[in-house]
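Please model the entire structure based on the sequences and the hints provided.
Take a look at the letters that make up each chain.
Number of protein chains: 2
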Amino acid sequence: MHLALFCTEAGMHAGGWRHPDAGAVRPFDLGFYRELALKAEAAKLDMLFVADKLGLDDLYGGGVAATVARRPNARPEPLTLIAALAGATSRIGLGATVSTSYAEPYHVARMFATIDHLSGGRAAWNAVTSVSDSEARNFGRAAHLDHASRYERADEFIDVVRKLWDSWEEDAIRPDKASGRFADDRRVHYIDHEGRHFRVRGPLNVERPPQGHPVVIQAGVSGTFQDIATRQADLVFTVQPDLDSAKRAYAAFKAQVAANGRPPGSVKMLPGLMPIVGRSDTEAEDIRAELRALIDPVAGLTFMSGSMNYDLSRHPLDGPFPDLRDVITGSRGRFQRVIADALERGATVAEVGAAYVESLSFAVAAGSPKTVADILEQWVTEQAADGFVLMPPYLPGGVDGFLTQVVPELQRRGLFRREYCGATLRDHLGLDRPASRYA
Amino acid sequence: MHLALFCTEAGMHAGGWRHPDAGAVRPFDLGFYRELALKAEAAKLDMLFVADKLGLDDLYGGGVAATVARRPNARPEPLTLIAALAGATSRIGLGATVSTSYAEPYHVARMFATIDHLSGGRAAWNAVTSVSDSEARNFGRAAHLDHASRYERADEFIDVVRKLWDSWEEDAIRPDKASGRFADDRRVHYIDHEGRHFRVRGPLNVERPPQGHPVVIQAGVSGTFQDIATRQADLVFTVQPDLDSAKRAYAAFKAQVAANGRPPGSVKMLPGLMPIVGRSDTEAEDIRAELRALIDPVAGLTFMSGSMNYDLSRHPLDGPFPDLRDVITGSRGRFQRVIADALERGATVAEVGAAYVESLSFAVAAGSPKTVADILEQWVTEQAADGFVLMPPYLPGGVDGFLTQVVPELQRRGLFRREYCGATLRDHLGLDRPASRYA
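Residue numbers (the UniProt record's numbering), protein chains in the order written: chain A, 1 to 439; chain B, 1 to 439.
Incorrect hints may have been included.
Capping the alpha-carbon separation at 20 Å, the derived lysine to aspartate or glutamate pairs in EDC-like fashion look like this [what the hints assert, rightly or not]:
1. B/177 / A/21
2. A/177 / B/9
3. A/177 / B/21
4. B/177 / A/185
5. B/53 / A/185
6. B/39 / B/29
Hints are computed from structural coordinates only; laboratory data are not their basis.
Below is the structure:
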């Protein structure tokens with residue numbers, strides 16, 4: 001079983017930052033993230049990975065007032081954050097979210113290759129396509145790219161990045177002071193990429209990363225996502241609200257991986273999971289109820305508006321939630337079921353805003369350490385997941401119960417490593433190290 | 001006197017990596033850079049700053065063969081490198097070179113703001129405009145932007161970045177768990193920038209950096225550079241081969257700063273200086289001669305071709321150096337004097353290639369610790385410099401003589417700090433902390 005820790009500035013539950021056991025939010029304090037990374041490393045987790053958006057969630061009401069006033073919404077830039085953590089940790093993988101919609105492949109290839117070197121082979125890139133006009137407006141555009149264009153761009157972007165990582169073969173650098181020969185130029189290659197979105201000649205000016213390629217993560221639920229991820233990803237991070245849907249998604253995804261000529265085990269599937277751990281099942285449910293009571297529905301709607309790329313303030317809080325399934329242009333796939341459920345229940349806008357941001361449709365595992373371990377064991381045993389992306393409700397304390405009580409229980413059951421066996425993140429994940437296509 | 005250490009993968013002297021006292025080149029080893037940063041911090045230097053180019057110097061001969069085979073030419077990405085060093089150091093400033101020609105202001109503002117937070121106010125940005133077609137071809141262009149366009153873009157780019165740093169006023173984030181109020185939205189501002197090169201709405205999604213604005217460094221010699229830097233820069237890094245030219249440049253620059261309505265002390269001028277320290281002046285000259293003998297003229301020409309954006313392999317090695325003063329499109333200003341000198345001396349192409357890369361036209365201070373300290377004292381006393389960017393001939397050992405013998409001599413003379421007095425790089429440099437324009 002593989003376990004990654006999803007790292008945000010204040011945890012994933014919309015009420016989390018207000019919980020009495022949550023520390024003061026310190027979104028820009030290296031000490032906060034270092035402490036979290038070291039805890040996760042002590043528990044032998046595969047990876048810590050950092051979420052991102054390229055702007056504030058200011059669509060709701062057309063301004064920053066609602067979002068900035070009501071919830072943590074500013075965050076460190078992920079590449080520089082995981083680079084800072086590379087020096088503070090020694091074994092755990094470090095992932096950063098970087099959008100393909102507003103970046104250049106040469107910069108992205110180079111930064112991840114550099115972090116892979118500085119960390120000794122522990123870097124991972126969560127490639128996303130961004131969701132909202134708020135992000136587009138920080139990069140010279142009036143509106144975000146449409147769904148098809150941004151996925152097409154993402155597909156080519158990842159391809160270019162992987163070519164750049166291949167542009168230096170293994171051991172090209174062999175300095176010899178006496179002769180003055182520094183490297184073997186026959187092992188350094190132009191990529192000469194000419195595509196619809198990018199023209200990149202290469203070579204990269206960073207030698208081949210320790211992992212060959214840093215691990216590529218993709219997240220999503222749409223068919224377009226699945227088409228790309230089954231070809232391009234090393235790990236997928238998915239939204240599955242329950243075991244049955246997770247089993248169906250796992251089977252379909254792995255079948256498509258195989259159909260693309262890749263071994264099913266070469267892409268790991270990790271659904272997000274919010275653990276709420278108590279001494280007993282009852283205590284965990286009490287914590288869950290306490291957290292739920294701290295949710296501000298409007299704060300929830302600011303988040304939802306950003307993810308949907310649609311201003312929900314157009315609809316009164318106490319009116320019925322509208323049918324926006326064909327209207328939204330942000331994370332479309334992710335909201336189809338959320339909206340259908342809301343319509344079926346006749347829920348109000350405020351109710352949906354509050355309910356959605358409890359766990360953002362990710363499964364919640366609330367219970368005693370044994371109960372939570374049972375849930376994880378069942379999902380993995382019944383082929384619903386290769387592991388989980390843990391989404392703590394609040395941070396830093398909200399993950400302690402999991403790390404100190406659930407992880408040892410999983411270790412006792414032989415479901416999770418007691419020690420790191422390899423040096424790189426690919427080793428932790430059981431992923432092969434790719435060879436250079438130019439070798 | 002202010003002292004910055006220029007950090008490259010193998011030192012600045014073209015023969016440096018081959019010197020017997022130079023360690024093995026480890027361009028991607030965090031330990032190499034950490035050791036260097038800690039040594040510089042122990043000597044109380046203001047800053048370490050990292051050079052960059054966005055590709056290999058492959059213009060010479062139209063391929064990677066000459067450059068990759070003959071000299072260190074691949075390097076870590078600077079932002080991620082200084083982020084990694086932020087966690088390993090506690091007082092020294094950390095600067096990274098980032099080109100304005102192939103980046104987005106939102107990303108750059110955000111990364112430097114993040115590093116400023118993670119380091120507790122020690123970040124600096126060396127804003128450059130790039131020089132060669134080799135770089136352009138990694139970013140979808142056939143050729144580099146012309147001189148005027150790239151400086152115009154740089155000017156607007158820096159302006160946008162500074163606006164984004166201002167978009168959060170001081171202390172906007174004031175989380176209150178009880179009321180659910182997270183931040184004061186009246187202190188968070190759209191920048192609504194609409195310029196010739198960029199449209200950026202903001203706000204940044206990072207709160208105001210500890211320094212207000214991270215320190216902005218610019219490097220150059222042209223009139224266009226001076227026009228922008230006297231308005232925009234906090235520190236300039238210049239090429240001055242000797243005391244007289246440095247005094248003239250210093251006076252002219254500070255006069256223009258004043259003419260722009262800024263106090264002359266609000267922009268520090270630090271010429272680059274290559275220190276070669278021996279136990280005696282004779283020993284230092286011997287080391288200099290030893291290093292010079294290790295230069296490969298063709299390796300020098302690959303570097304020069306990249307900086308000129310002109311393929312010097314068109315001219316035979318033993319033929320006269322051609323008059324390229326109106327032909328080159330890279331670092332134009334910097335090569336006017338180099339070429340004039342070559343023509344006057346009737347030097348061959350190989351001779352110029354070898355001579356230029358000894359110190360890249362930066363002044364060389366070779367001598368005993370006392371002699372080198374005398375040179376630095378004279379430059380500062382006679383108003384030729386506010387300090388220096390130290391360019392060690394090789395690394396990591398090539399800076400030890402300076403740090404352990406010249407710095408103590410400067411301290412004894414009362415010319416350099418014995419301890420850090422403030423917490424931030426602006427404190428070290430004696431620069432004011434700017435207020436937000438939106439406050």
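message: Could you work out which of the previously given hints the structure breaks and list their numbers from low to high?
response: Per hint list: single violation, 4.
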